Every structure is written in structure tokens, then in C-alpha cells.
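Visitor: Number 188 in our numbering belongs to position 49 of the sequence shown; there are no gaps in the numbering.
Just so you know, these hints were derived from the structure itself, not from any lab.
Being a predicted model, the structure only gives us computed values, none of them experimental.
For glycine and all other residues, C-beta sits at the position ideal for the given N, C-alpha and C.
Be careful, since some hints might not be right.
Stated by the list, open to error - Straight-line distance between alpha carbons at most 30 Å, and here's what the computed BS3-like set of lysine-lysine pairs gives:
1) 160 x 317
2) 392 x 317
3) 266 x 160
4) 266 x 317
What the hints assert, rightly or not - Here are the simulated distance ranges between beta carbons:
5) 419 x 167: 48 to 56 Å
6) 290 x 390: 30 to 38 Å
7) 267 x 167: 46 to 54 Å
8) 160 x 415: 45 to 53 Å
9) 267 x 212: 13 to 21 Å
10) 408 x 163: 16 to 24 Å
11) 165 x 266: 16 to 24 Å
12) 319 x 218: 51 to 59 Å
13) 393 x 322: 30 to 38 Å
14) 421 x 163: 38 to 46 Å
15) 167 x 262: 40 to 48 Å
16) 165 x 400: 16 to 24 Å
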Amino acid sequence: MTSGEHTAPYGSGSPGSTAKKPARIRTHHLQQIKDDGGRFAMLTAYEQYSAEIFDEAGVEVLLIGDSAANNVYGHATTIPVTLDDLIPLCRAVSGAARRAFVVADLPFGSYEISPAQAIESSVRLMKEGLVSAVKMEGGSRYAPYVRAMVDAGIPVMAHVGFTPQSEHALGGYRVQGKDSGGQSVIDDAVALADAGAFCVLMEMVPAEVAAAVDRAVRVPTIGIGAGNATTGQVLVWQDMMGLRTGKSPRFVKQYADLRSVMSEAAATYAQEVRDGRFPGPEHSF
140 MTSGEHTAPY GSGSPGSTAK KPARIRTHHL QQIKDDGGRF AMLTAYEQYS AEIFDEAGVE
200 VLLIGDSAAN NVYGHATTIP VTLDDLIPLC RAVSGAARRA FVVADLPFGS YEISPAQAIE
260 SSVRLMKEGL VSAVKMEGGS RYAPYVRAMV DAGIPVMAHV GFTPQSEHAL GGYRVQGKDS
320 GGQSVIDDAV ALADAGAFCV LMEMVPAEVA AAVDRAVRVP TIGIGAGNAT TGQVLVWQDM
380 MGLRTGKSPR FVKQYADLRS VMSEAAATYA QEVRDGRFPG PEHSF
């Protein structure tokens, strides 16, 4: 046991709990949270300041998602983003987070060919991006990939249900696992957990299917548009902070309106510059 880590239960969520919080969250702490019947939070982060703020706020898991394609690089989908795009973002988040567990997405095209390709891409994210784990989209056919990656020392978070990298094959952004399709989501999650995934993330699946998955696997589960029975929840930070425009997905709750705050501040700054009010004497040497 390294200095600063604790073996005491963490994250039970019970009122008055006196369990010590770990100095750095690891996979076994997330497992302990599920074992204790607790919950944990996960947010995306793509640069230093968001990572620092969310880490200090106590968010347990930070994800450098391939959603950087939409939220950093201005693409319409996650498909164009590459390893080379994500690695600098990973380094920024990993360098800023002091306590949170940092996970990075394997982007489209970086793992599908073979387990060897998945390992090679994951090693780059861990060595160059300094992340602690990778997330990989896909169902049970990727169980051998997960097993090979775990054998190579790579912690893997599985991602089932709606997988954005496959949106063209899935016919767009559609809820997965409805009706008889729910069993396939369960089967995918079980196969990936059995292969060694330390966690299973489910996106846009019916709440009852997600609850069945959570019962079927020992490892923690994370939901996004998957009801309230999962161990953790994840959102894209620009969505939950109100930075993006347009209609939000049904599963997003907006906790702030940063776009209005930033817009007002920028407009005020610009007007003060035009009027000659900024910089004032107090801002000058």
C-alpha cells in the first residue's frame, strides 16, 4: 500500500459515514462504492481548468471523451477525432487532477482491427496521455480484446448500449435495448465484465435494462440516459453547465447557465474597451 491510500470502505453514501476518502481514487475504490451500495459521479473534462475544478469539487471520475470531437474540435460527430487529437487533452487533464480517476476514450479506428491494435492505442493513452484507464465502445465481440488488454496491464471500462462511434450502423442516435433487445445489452455487459472490464458504462438504454445489467455484473455500472439504478452517472460537462446551444438530450440536467454568464462578461468587456473604460488607472502601471 502506497502512502496516502486507504483500505477503509469509501463512498458508501450513508449519512454520517466516517470512512476515509482515498488520496487518489483507483479501480478498487470504485468497486468498493458499489459493494457498499453507494454512488459516484463522472464528468467529461478536456483541459486543465475544468479538470481542476471538477476534481476539487469531489467528482470521482473524469473522462477525456471522444466527445471532444463535438465539444473541442467542432465536429458534428465523434468519429473524426484521433488519438493524436486526444493525447494532449489527456495530458492536460491528468496533470490537473489530483484525486479523481482519469479515463480516456479509445477513438474510432484506434482499436477495432485487433487486440494488438487496442493494446497499442491504449498504451499510448497511458504513456503519453498519463491516464489511468481507457474506455472502449462495443459489445461481446470485444470480450477477447478486453481480456488481452487487461492481461497487458490496461484497466478497461466497457461501453455498451448506444455507442456513438457506431451511430451510422445503428441508424442514428436511438435508444438501444428496447423490447427483446434488452437481453443483448445484458449479455454484452456480462461478457465484457467477465473478460475483465472493471466497469460497464451504458448509454441510452431503458432504465429497467440498466438495472438488470447492474444486478447481473459485480463490477460498477455507469449510466448516461440509463436511469438511476447504476452505480455512477456521467454527463458531458458542457451540457450540464449550459455551455452548448440547441436542444439538450432528454437525459441531461442543466445545473448552470455558463453560456449566459460568459456572453454577458465578454460583451461587457468589449464595450468597456470600446468606451475607453478598460483598462483603468487601477489596471495600469
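Visitor: Hint by hint, say whether it matches the structure.
Guide: So, going through the hints one by one against the coordinates:
1. 160 x 317: 38 Å, violated
2. 392 x 317: 23 Å, holds
3. 266 x 160: With Cα atoms ~27 Å apart, residue 266 and residue 160 stay inside 30 Å; holds.
4. 266 x 317: 39 Å, violated
5. 419 x 167: 48 to 56 Å: This hint holds: roughly 54 Å between Cβ atoms.
6. 290 x 390: 30 to 38 Å: At roughly 34 Å between Cβ atoms, residue 390 and residue 290 fall inside 30 to 38 Å, so the hint holds.
7. 267 x 167: 46 to 54 Å: 25 Å, violated
8. 160 x 415: 45 to 53 Å: At roughly 51 Å between Cβ atoms, residue 415 and residue 160 fall inside 45 to 53 Å, so the hint holds.
9. 267 x 212: 13 to 21 Å: 18 Å, holds
10. 408 x 163: 16 to 24 Å: With a Cβ separation near 38 Å, residue 408 and residue 163 fall outside 16 to 24 Å, so the hint is violated.
11. 165 x 266: 16 to 24 Å: 19 Å, holds
12. 319 x 218: 51 to 59 Å: 29 Å, violated
13. 393 x 322: 30 to 38 Å: Since residue 393 and residue 322 have Cβ atoms about 34 Å apart, the given range 30 to 38 Å holds.
14. 421 x 163: 38 to 46 Å: Check passed, 42 Å falls within 38 to 46 Å.
15. 167 x 262: 40 to 48 Å: 22 Å, violated
16. 165 x 400: 16 to 24 Å: 35 Å, violated
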